[in-house]
Amino acid sequence: MACFLVPASEAVITTVAEHIVRSREKNTEEVKSDVPKVHFSEKLGWLNRMLWGGSALLAFEHVWHGEVIPTFPFLTAVQNGETADMLAEMLTAGVGMAVLVTLIWGGMVIASGVITKRSKSTDALGGERS
Amino acid sequence: MTLLVTVFAAVAATLIWYNKENDNRMMVGTLCLMYWGASIMWFVDAIAGYIEDGAAFFTPAAEDMLNDLYLGLSVVAFGLVIWLAILLIKDPRGIVRKAITKNMN
Chain A
400 MACFLVPASE AVITTVAEHI VRSREKNTEE VKSDVPKVHF SEKLGWLNRM
450 LWGGSALLAF EHVWHGEVIP TFPFLTAVQN GETADMLAEM LTAGVGMAVL
500 VTLIWGGMVI ASGVITKRSK STDALGGERS
Chain B
2 MTLLVTVFAA VAATLIWYNK ENDNRMMVGT LCLMYWGASI MWFVDAIAGY
52 IEDGAAFFTP AAEDMLNDLY LGLSVVAFGL VIWLAILLIK DPRGIVRKAI
102 TKNMN
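For the record, the sequence lines run as chains A and B.
Residues 400 to 529 in the numbering used here are what the first sequence spells out, letter by letter.
Residues 2 to 106 in the numbering used here are what the second sequence spells out, letter by letter.
Isolated chain A (complex conformation) (with noise of 0.2 Å):
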């Protein structure tokens, strides 16, 4: 019906977040390190990827089941007085979604910092050595 909206609307305060993140970051000194740092903006930046990707292709999906029309109020499932439907659609699929893509970035983040902490211990171990 309308599921995808949830997701996009995440996307847009994620999007918000990531511009935030990233003027802060470029104030703040960096520390020179062999290993390159990934930045939380670039770490949000994939999870905007996954949400407005995802939403948008939904989208389409849903243009191709009739279940959004070029025309007000854009959705036929207002048109048709399913109203309430629709929102208890959006609360269930709709914030599943949003919760399993942030669920999965998250382990994606957890992820990347592991294998940066195993860069940086492997490079401090090649140092000592040579």
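Because the hints were derived from the structure by calculation, they are not lab data.
Hints are not guaranteed to be accurate.
[To be verified] Below, simulated DMTMM-like cross-link-like pairs (lysine to aspartate or glutamate); rule was C-alpha separation at most 25 Å, straight line:
1) K425(A) - D69(B)
2) K519(A) - D24(B)
3) K442(A) - E424(A)
4) K442(A) - D54(B)
5) K91(B) - E441(A)
6) K516(A) - E441(A)
7) K442(A) - D92(B)
8) K442(A) - E417(A)
9) K516(A) - E424(A)
10) K519(A) - E424(A)
11) K442(A) - E466(A)
12) K436(A) - E64(B)
13) K91(B) - D24(B)
14) K21(B) - D65(B)
15) K91(B) - E417(A)
16) K436(A) - E424(A)
17) K425(A) - E488(A)
18) K519(A) - E466(A)
19) K21(B) - E441(A)
20) K436(A) - E466(A)
21) K103(B) - D92(B)
22) K425(A) - D92(B)
23) K91(B) - E466(A)
24) K99(B) - D24(B)
25) K516(A) - D54(B)
[Said to hold, decoys possible] Part of the chain A face toward chain B, derived, beta carbon under 10 Å:
26) S454
27) F471
28) F473
For every residue, glycine included, the Cβ atom is placed at its ideal position computed from N, Cα and C.
Knowing the structure of chain A, use the given hints to seat chain B on it.
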């Protein structure tokens, strides 16, 4: 079927990204994340469908499967068009910029 087609597209894009190592000039990573995002969302949709229909969810009618396959391929094509648009706008290799300035001269 749409979920399946999108997952295959996501896996293919990820393999291409992995094979290219640090070369991010084609922005394949963006394509990967787009397809994975859509796959995760359709996965949740599939769970909702399974809760609603039960085992019948896995035995769709042939006509529905064909329509979903058509939709899945269209979604993949739409994703590629979005990726291409981002690539040409951001132009990380400077090819569009070069072509425009060449024409101006």
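Against the structure, the hints:
1. K425(A) - D69(B): Violated - the C-alpha atoms of D69(B) and K425(A) are around 46 Å apart, more than 25 Å.
2. K519(A) - D24(B): 22 Å, holds
3. K442(A) - E424(A): Measuring from Cα to Cα gives roughly 13 Å; hence the hint holds.
4. K442(A) - D54(B): Violated - the C-alpha atoms of D54(B) and K442(A) are around 37 Å apart, more than 25 Å.
5. K91(B) - E441(A): 16 Å, holds
6. K516(A) - E441(A): 17 Å, holds
7. K442(A) - D92(B): Holds, at about 21 Å.
8. K442(A) - E417(A): This hinted pair holds, its Cα atoms lying about 9 Å apart.
9. K516(A) - E424(A): 20 Å, holds
10. K519(A) - E424(A): 21 Å, holds
11. K442(A) - E466(A): 33 Å, violated
12. K436(A) - E64(B): Given that 25 Å is the threshold and the Cα spacing comes to 50 Å, the pair is violated.
13. K91(B) - D24(B): Answer holds: K91(B) to D24(B) is near 15 Å, not above 25 Å.
14. K21(B) - D65(B): 37 Å, violated
15. K91(B) - E417(A): Holds - the C-alpha atoms of E417(A) and K91(B) are around 18 Å apart, at most 25 Å.
16. K436(A) - E424(A): 12 Å, holds
17. K425(A) - E488(A): 41 Å, violated
18. K519(A) - E466(A): 50 Å, violated
19. K21(B) - E441(A): 19 Å, holds
20. K436(A) - E466(A): 43 Å, violated
21. K103(B) - D92(B): It holds: about 15 Å lies between the C-alpha atoms, which stays within 25 Å.
22. K425(A) - D92(B): 23 Å, holds
23. K91(B) - E466(A): Not satisfied, since the Cα-Cα distance of roughly 32 Å exceeds 25 Å.
24. K99(B) - D24(B): 20 Å, holds
25. K516(A) - D54(B): 46 Å, violated
26. S454: 8 Å, holds
27. F471: Since chain B brings no Cβ nearer than about 24 Å to F471(A), farther than 10 Å, the hint is violated.
28. F473: 19 Å, violated
Violation of the numbered hints given earlier is confined to hints 1, 4, 11, 12, 14, 17, 18, 20, 23, 25, 27, 28; the remaining hints are satisfied by the structure.
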